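Participant: The lines below spell out each chain.
Protein chains: 2
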Amino acid sequence: MKPLARAAIIAVGSELLTPLRFDTNSLFLTGQLNALGIDVVMKGVAGDDREELGHLFRAALGRADLVVFTGGLGPTDDDVTREVVASTLGRSLAEDTGITERLRVRFAARGFTGPMPESNRRQAMVPTGARVLENNRGSAPGLWLEEGDAVIVLLPGPPRELHPMVAALVDGPLRERSEGVPLLRRVLKISGRIESQTDEQLQPLYRKWEKGTPRVNATILAALGQLELHLWCRAPSTDAANQALERAVDEVCAVIGVDVFSTDGRPMEAVVGEMLASRGLHIALAESCTGGLLTSRLTDIPGSSRYVAQAVIAYTNEAKTALLGVPAPLIEAHGAVSEPVAVAMADGARTRAGVEVGVGVTGIAGPGGGTPEKPVGTVAVAASIAAETRSRLFRFHGERDQVKFQASQAALDMVRRMLL
Amino acid sequence: MKPLARAAIIAVGSELLTPLRFDTNSLFLTGQLNALGIDVVMKGVAGDDREELGHLFRAALGRADLVVFTGGLGPTDDDVTREVVASTLGRSLAEDTGITERLRVRFAARGFTGPMPESNRRQAMVPTGARVLENNRGSAPGLWLEEGDAVIVLLPGPPRELHPMVAALVDGPLRERSEGVPLLRRVLKISGRIESQTDEQLQPLYRKWEKGTPRVNATILAALGQLELHLWCRAPSTDAANQALERAVDEVCAVIGVDVFSTDGRPMEAVVGEMLASRGLHIALAESCTGGLLTSRLTDIPGSSRYVAQAVIAYTNEAKTALLGVPAPLIEAHGAVSEPVAVAMADGARTRAGVEVGVGVTGIAGPGGGTPEKPVGTVAVAASIAAETRSRLFRFHGERDQVKFQASQAALDMVRRMLL
Numbered sequence: 001m002k003p004l005a006r007a008a009i010i011a012v013g014s015e016l017l018t019p020l021r022f023d024t025n026s027l028f029l030t031g032q033l034n035a036l037g038i039d040v041v042m043k044g045v046a047g048d049d050r051e052e053l054g055h056l057f058r059a060a061l062g063r064a065d066l067v068v069f070t071g072g073l074g075p076t077d078d079d080v081t082r083e084v085v086a087s088t089l090g091r092s093l094a095e096d097t098g099i100t101e102r103l104r105v106r107f108a109a110r111g112f113t114g115p116m117p118e119s120n121r122r123q124a125m126v127p128t129g130a131r132v133l134e135n136n137r138g139s140a141p142g143l144w145l146e147e148g149d150a151v152i153v154l155l156p157g158p159p160r161e162l163h164p165m166v167a168a169l170v171d172g173p174l175r176e177r178s179e180g181v182p183l184l185r186r187v188l189k190i191s192g193r194i195e196s197q198t199d200e201q202l203q204p205l206y207r208k209w210e211k212g213t214p215r216v217n218a219t220i221l222a223a224l225g226q227l228e229l230h231l232w233c234r235a236p237s238t239d240a241a242n243q244a245l246e247r248a249v250d251e252v253c254a255v256i257g258v259d260v261f262s263t264d265g266r267p268m269e270a271v272v273g274e275m276l277a278s279r280g281l282h283i284a285l286a287e288s289c290t291g292g293l294l295t296s297r298l299t300d301i302p303g304s305s306r307y308v309a310q311a312v313i314a315y316t317n318e319a320k321t322a323l324l325g326v327p328a329p330l331i332e333a334h335g336a337v338s339e340p341v342a343v344a345m346a347d348g349a350r351t352r353a354g355v356e357v358g359v360g361v362t363g364i365a366g367p368g369g370g371t372p373e374k375p376v377g378t379v380a381v382a383a384s385i386a387a388e389t390r391s392r393l394f395r396f397h398g399e400r401d402q403v404k405f406q407a408s409q410a411a412l413d414m415v416r417r418m419l420l
Numbered sequence: 421m422k423p424l425a426r427a428a429i430i431a432v433g434s435e436l437l438t439p440l441r442f443d444t445n446s447l448f449l450t451g452q453l454n455a456l457g458i459d460v461v462m463k464g465v466a467g468d469d470r471e472e473l474g475h476l477f478r479a480a481l482g483r484a485d486l487v488v489f490t491g492g493l494g495p496t497d498d499d500v501t502r503e504v505v506a507s508t509l510g511r512s513l514a515e516d517t518g519i520t521e522r523l524r525v526r527f528a529a530r531g532f533t534g535p536m537p538e539s540n541r542r543q544a545m546v547p548t549g550a551r552v553l554e555n556n557r558g559s560a561p562g563l564w565l566e567e568g569d570a571v572i573v574l575l576p577g578p579p580r581e582l583h584p585m586v587a588a589l590v591d592g593p594l595r596e597r598s599e600g601v602p603l604l605r606r607v608l609k610i611s612g613r614i615e616s617q618t619d620e621q622l623q624p625l626y627r628k629w630e631k632g633t634p635r636v637n638a639t640i641l642a643a644l645g646q647l648e649l650h651l652w653c654r655a656p657s658t659d660a661a662n663q664a665l666e667r668a669v670d671e672v673c674a675v676i677g678v679d680v681f682s683t684d685g686r687p688m689e690a691v692v693g694e695m696l697a698s699r700g701l702h703i704a705l706a707e708s709c710t711g712g713l714l715t716s717r718l719t720d721i722p723g724s725s726r727y728v729a730q731a732v733i734a735y736t737n738e739a740k741t742a743l744l745g746v747p748a749p750l751i752e753a754h755g756a757v758s759e760p761v762a763v764a765m766a767d768g769a770r771t772r773a774g775v776e777v778g779v780g781v782t783g784i785a786g787p788g789g790g791t792p793e794k795p796v797g798t799v800a801v802a803a804s805i806a807a808e809t810r811s812r813l814f815r816f817h818g819e820r821d822q823v824k825f826q827a828s829q830a831a832l833d834m835v836r837r838m839l840l
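Note that the protein sequences, when read in sequence, are chains R and F. Numbering-wise (the working numbering), the first sequence opens with residue 1 and increments by one. Numbering-wise (the working numbering), the second sequence opens with residue 421 and increments by one.
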């Protein structure tokens, strides 16, 4: 049989055709399939509707040798995936008594008394010739069908049920059927630069990589507070792809230098956290316009209680003075949004907590509060590490939450650069 | 001509077939189309590939009378949407000199000197019979084509270009072609309840609504820290739909009571913020395991500087004592994660800030730090408003960020219930 190379992913569920819900499973699935050398050539979403789902399935079968469904495997009348797949392939559905038995055990184990509702037995209906994929975290089993050279996989929608089932497929039948050339990716994150200038500087590398074996591809994307350089490589082996990507990462770092803050997709707060932890340093934070976001990002990282000492969120001038010791005349002279006040906040946070690193952020997140001299988006950031203090005034664009994020990113980046 | 009733949305771009990028435009488009009475019956994603995109387009044309494309309208060879649509419909492409002229003006206005690159002229290529949709925020114009009773719309991918163009379509040609029955939605958010029990209590309402005119549909979804009850209604007029939804919302509130915290999709932090603002109250927060997330959520709301006085993030016992006045013997006696300590944190935050409302949160976000008596996810929450104090010990499940979110949600909800 030919190895699987081209996948279509179909997410099933009427809620995915509303303005309220995403298909997030397909991103996870795409990463897993790519690593086996399987490209995703199309994605689709259909509602809980036999006719629409059948149409989309037929369209996918025409283009892909692997069709992966997520969702629509529950016990209700709305769960139509099993039925549509069976009827499209011209197969009949029959009850798998092994599944029914497992459903009964599960039902009883969850403390329900009395007989299992008949509707649950729908989940035991299996198209002729299908292989059952066990679901250890939910009631709906997955299904694996082969039709000529094509494979059709039915998986449940809830991510916590889906993920372990995909892991089992990738380690087992999917790997056996995919002798393709794996596609691996790396995401580099870059701060303090604009897209066009960075792209221009990297052009010679892009041209070199294009001619290389294996070839490395690159694309640069501007995200909030950072640039992302996506690299991908298809090579005969995972090792060869990893080596080519590793070389490319080194070459980018040689050109862009310390503006590259992450070479493995980790966010800024993880990078800064690791620097603090590895040096045994502790950090104290004084936030105004970021309103807690800066400290919340740092404390998203497991183990951050080792290096995040304490933080103060001081919106008012009085709080800045009382909690951080910022002199009232300093605020009077420069305004609350100013580099001298940010420095005094950073120093106050650091000395009051008795730690090595202090950060101060004060600004105007908007939409109100701007003035002609200090428009919305004006943010002063300062960091103080032992004897060294740095500060800078930024002008960020965007909505309130975007200003908050960019300000927190600038503060983390300032600490990172001082610790380099 | 028949009014448009069934839409397919196709997002174009190879980056949307990687593990890294979502199609977010389709959610926005779906809301806009639904409000005109147009259902979205399928969504698809294709890469920058003529053959794949053509296949998906033909599949969509077979099911929908409106096909909306987003993306693939730029100036490069990779931008294939115009070409694929023209060739699939058997039309030729010709340069629209009006567009070329606007592109030249735009190019010059942006300060570029010399002639416009030839590649930009690709954006002026228009299929025979297409109407041009102006793009005031970018170079790629949109296109409107009619083919029999069907309409095909090509729109640019960047949201800031897409949104105003969709607004113009909804006010103009799309509204003229859609005499359908508008579909409106409402999202109610509910705290402190589990899905199955709530669903059961609402069954009589569901049955009543099913028989009503206009009919109201409902579905309940469990989200992190809250339940969401989605209601939707299709009625001959927007007013009639709104009235039916309004009645349904009132009926739900009569059954579920104060557990309904939002009837218009607003998040908990906006609801609590409005309660504080309308009563002229100020809040001070003492966070431990939430690490700033609680205050960051409150300060996401514009105008929150009016009622968020200050906050302290105190991980260590020493910081809890120094910054909040939590007595060391109290921590010794009950442990840092305990209701008495949460109460002392709330009281300390409130009295030290000299405000009316204080909140304290202390817990174990994980993955480390759990014990048999106090496993990961154990969180004590307290709120103190004037003479009244409440506290409660929670056991949350999930990863670190999920525990943080649920703890912040529980704290906000406690304040909300005390202010009712």
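By construction, these hints were calculated from the structure, which means they are not laboratory data. Don't take every hint at face value.
Said to hold, decoys possible - Here are the computed distance ranges between Cβ atoms for each label pair: (1) E793(F) to E251(R): 50 to 56 Å; (2) T791(F) to E251(R): 33 to 39 Å; (3) A222(R) to E521(F): 27 to 33 Å; (4) D659(F) to A109(R): 17 to 23 Å; (5) E538(F) to P173(R): 46 to 52 Å; (6) H163(R) to R478(F): 32 to 38 Å; (7) P593(F) to H163(R): 42 to 48 Å.
This structure is a prediction, so every number in the text was calculated from the model and none was measured. Beta carbons: idealized from backbone N, C-alpha and C, even for Gly.
Participant: Hint by hint, say whether it matches the structure.
Facilitator: Verification of the hints:
no. : hint                           : in the structure
1   : E793(F) to E251(R): 50 to 56 Å : holds, 53 Å
2   : T791(F) to E251(R): 33 to 39 Å : violated, 48 Å
3   : A222(R) to E521(F): 27 to 33 Å : holds, 29 Å
4   : D659(F) to A109(R): 17 to 23 Å : violated, 51 Å
5   : E538(F) to P173(R): 46 to 52 Å : holds, 50 Å
6   : H163(R) to R478(F): 32 to 38 Å : holds, 34 Å
7   : P593(F) to H163(R): 42 to 48 Å : holds, 44 Å
In this structure, the earlier hints numbered 2, 4 are contradicted, and the remaining ones agree with it.
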